[in-house]
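Chemist: Here the protein sequences come in this chain order: U and A.
The working numbering numbers the first residue of the first sequence as 1 and each following residue consecutively.
The working numbering numbers the first residue of the second sequence as 174 and each following residue consecutively.
Be aware that a few hints might be false.
What the hints assert, rightly or not - Some chain A residues close to chain U (C-beta under 8 Å, calculated; not the full set):
{"hint": "1", "residue": "E177"}
{"hint": "2", "residue": "L179"}
{"hint": "3", "residue": "D180"}
{"hint": "4", "residue": "L182"}
{"hint": "5", "residue": "G184"}
{"hint": "6", "residue": "A186"}
{"hint": "7", "residue": "V199"}
{"hint": "8", "residue": "V202"}
{"hint": "9", "residue": "E203"}
{"hint": "10", "residue": "R211"}
{"hint": "11", "residue": "Y212"}
{"hint": "12", "residue": "E252"}
{"hint": "13", "residue": "A259"}
{"hint": "14", "residue": "V262"}
{"hint": "15", "residue": "L265"}
{"hint": "16", "residue": "A269"}
Stated by the list, open to error - Short derived list, chain U residues pointing at chain A, Cβ under 8 Å:
{"hint": "17", "residue": "E31"}
{"hint": "18", "residue": "A36"}
{"hint": "19", "residue": "Q40"}
{"hint": "20", "residue": "L46"}
{"hint": "21", "residue": "D48"}
{"hint": "22", "residue": "L118"}
{"hint": "23", "residue": "L133"}
{"hint": "24", "residue": "K167"}
Unchecked claim - Calculated lysine-lysine pairs in the BS3-like style (CA-CA distance at most 30 Å, straight line):
{"hint": "25", "chain 1": "U", "residue 1": "K165", "chain 2": "A", "residue 2": "K178"}
{"hint": "26", "chain 1": "U", "residue 1": "K158", "chain 2": "A", "residue 2": "K178"}
{"hint": "27", "chain 1": "A", "residue 1": "K214", "chain 2": "U", "residue 2": "K57"}
{"hint": "28", "chain 1": "U", "residue 1": "K91", "chain 2": "U", "residue 2": "K165"}
{"hint": "29", "chain 1": "U", "residue 1": "K57", "chain 2": "U", "residue 2": "K167"}
{"hint": "30", "chain 1": "U", "residue 1": "K70", "chain 2": "U", "residue 2": "K87"}
{"hint": "31", "chain 1": "U", "residue 1": "K70", "chain 2": "U", "residue 2": "K57"}
{"hint": "32", "chain 1": "U", "residue 1": "K158", "chain 2": "U", "residue 2": "K70"}
{"hint": "33", "chain 1": "U", "residue 1": "K158", "chain 2": "U", "residue 2": "K91"}
{"hint": "34", "chain 1": "U", "residue 1": "K158", "chain 2": "U", "residue 2": "K87"}
{"hint": "35", "chain 1": "A", "residue 1": "K214", "chain 2": "U", "residue 2": "K167"}
{"hint": "36", "chain 1": "U", "residue 1": "K165", "chain 2": "U", "residue 2": "K87"}
In short, the hints are calculated from the structure, not lab data.
Note that this is a predicted model, so its numbers are computed, not measured.
Idealized CB from N, CA, C, for every residue including glycine.
The residues making up each chain are set out below.
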Amino acid sequence: MLPERDADAVLCRRAAGGDRGAFRLLVETHERRLRAFLGQLAGPDLADELAQEAFLKAWQSLHGFREESKFSSWLCAIGWRLFVDHKRREKSEGRRRDAAAELAEREQAPTAGARVDLARALARLEPVEKAALVLCDGHGWSHEEAAGILRLPLGTLKGTVRRAKQKCREYLG
Amino acid sequence: MDDEKLDILLGEALAPPEGPADRGFVLRVERAVAEEERYRKWRAAFVRQLVTEAAALAALGGSFALVARVPAVEAALTETPGLIWAALVLLLLVWALMRGRGNVLA
Chain U
1 MLPERDADAV LCRRAAGGDR GAFRLLVETH ERRLRAFLGQ LAGPDLADEL AQEAFLKAWQ
61 SLHGFREESK FSSWLCAIGW RLFVDHKRRE KSEGRRRDAA AELAEREQAP TAGARVDLAR
121 ALARLEPVEK AALVLCDGHG WSHEEAAGIL RLPLGTLKGT VRRAKQKCRE YLG
Chain A
174 MDDEKLDILL GEALAPPEGP ADRGFVLRVE RAVAEEERYR KWRAAFVRQL VTEAAALAAL
234 GGSFALVARV PAVEAALTET PGLIWAALVL LLLVWALMRG RGNVLA
């Protein structure tokens, strides 16, 4: 059996040649991780929409996929860019806060004896901080890979992860 | 909260779910890809047809212009301006016939 990266590379080549069956296998292999990543950032409904768009963009751009990167990180990077574009559009429409952040704000901050609520702490992070945490601490990407996905210099990515953890620690007490 | 405990908590909370692919979602993506492919083919056919028809019309127009320079034809056209309109109608008919036979967009 081929390692995942090689199997993906074979499927990518076939899909780039118009093989929709090969592309379906790629979708089946990677949809959970992509939707989970986007779900942490945008909530489940929007995540599905963005994930579908990401797969469609991947299908359209498979010819430009360079095999020195993993298909999964390339796909994740597409999803991240779509999310950033969505946030930008949302901002220009005047809706500055995402639903998760608003929900967290409406709820009371935890008191000293309150139950630890990581979800609330995460909802207070900036999207890029949350994305960096999800990729590095949740999905197991290396700092280098996460920096590539989020298009950040490595030092900036490391600083972002550190800052995000610090914020969580402060919130959780 | 110490670093180790936070890392464990984050790892548990942010880990991607395990399990088989979501068939409904995969189907949605498949449909979107099929739709995209249909549109891409339609667009390619549209551009091809547009270019072919433009080239054919240019060729016909050029032929008419050349023929119109023949002294006898030029004289006839000067005497009977209606001939130009007849030629244009003929050109339009030829184009309509070509379009009817080779329309890939229908």
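Chemist: If you take the shortest Cβ to Cβ gap from L133 (chain U) to chain A, is it below 8 Å?
Modeler: 6 Å, holds
Chemist: Identify whether the interface hint at E31 (chain U) stands, where standing means a beta carbon of chain A within less than 8 Å of its own.
Modeler: 6 Å, holds
Chemist: Would you check whether R211 (chain A) satisfies its interface hint, that is, whether its CB is within less than 8 Å of any CB in chain U?
Modeler: 12 Å, violated
Chemist: Quick check on A186 (chain A) please, does its C-beta sit within 8 Å of some C-beta on chain U?
Modeler: 5 Å, holds
Chemist: Can you verify the interface hint for A269 (chain A): is its Cβ closer than 8 Å to any Cβ in chain U?
Modeler: 35 Å, violated
Chemist: For the pair supplied as a hint, K70 (chain U) and K57 (chain U), confirm whether the alpha-carbon distance does not exceed 30 Å.
Modeler: Judged against 30 Å, a Cα distance of about 16 Å means the pair holds.
Chemist: Interface hint check: D48 (chain U), Cβ to nearest Cβ on chain A, cutoff 8 Å. Holds or violated?
Modeler: 7 Å, holds
Chemist: Quick check on Q40 (chain U) please, does its C-beta sit within 8 Å of some C-beta on chain A?
Modeler: 6 Å, holds
Chemist: Hint check: is the beta carbon of E177 (chain A) less than 8 Å from a beta carbon of chain U?
Modeler: This interface hint is violated because 12 Å lies over the 8 Å limit.
Chemist: Measure nothing beyond the straight line between the CA atoms of K214 (chain A) and K167 (chain U); if it is 30 Å or shorter, mark the hint as holding.
Modeler: Violated, because 50 Å separates the two Cα atoms, which is more than 30 Å.
Chemist: Decide if the proposed pair is consistent with the structure: K214 (chain A) and K57 (chain U), CA atoms, cutoff 30 Å inclusive.
Modeler: Holds. K214 (chain A) to K57 (chain U) sits at ~17 Å (cutoff 30 Å).
Chemist: Does the alpha-carbon distance linking K158 (chain U) and K178 (chain A) stay inside the 30 Å limit?
Modeler: Holds, because 19 Å separates the two Cα atoms, which is no more than 30 Å.
When held up to the earlier numbered hints, the structure conflicts with 1, 10, 11, 12, 13, 14, 15, 16, 20, 24, 29, 35 and fits the remainder.
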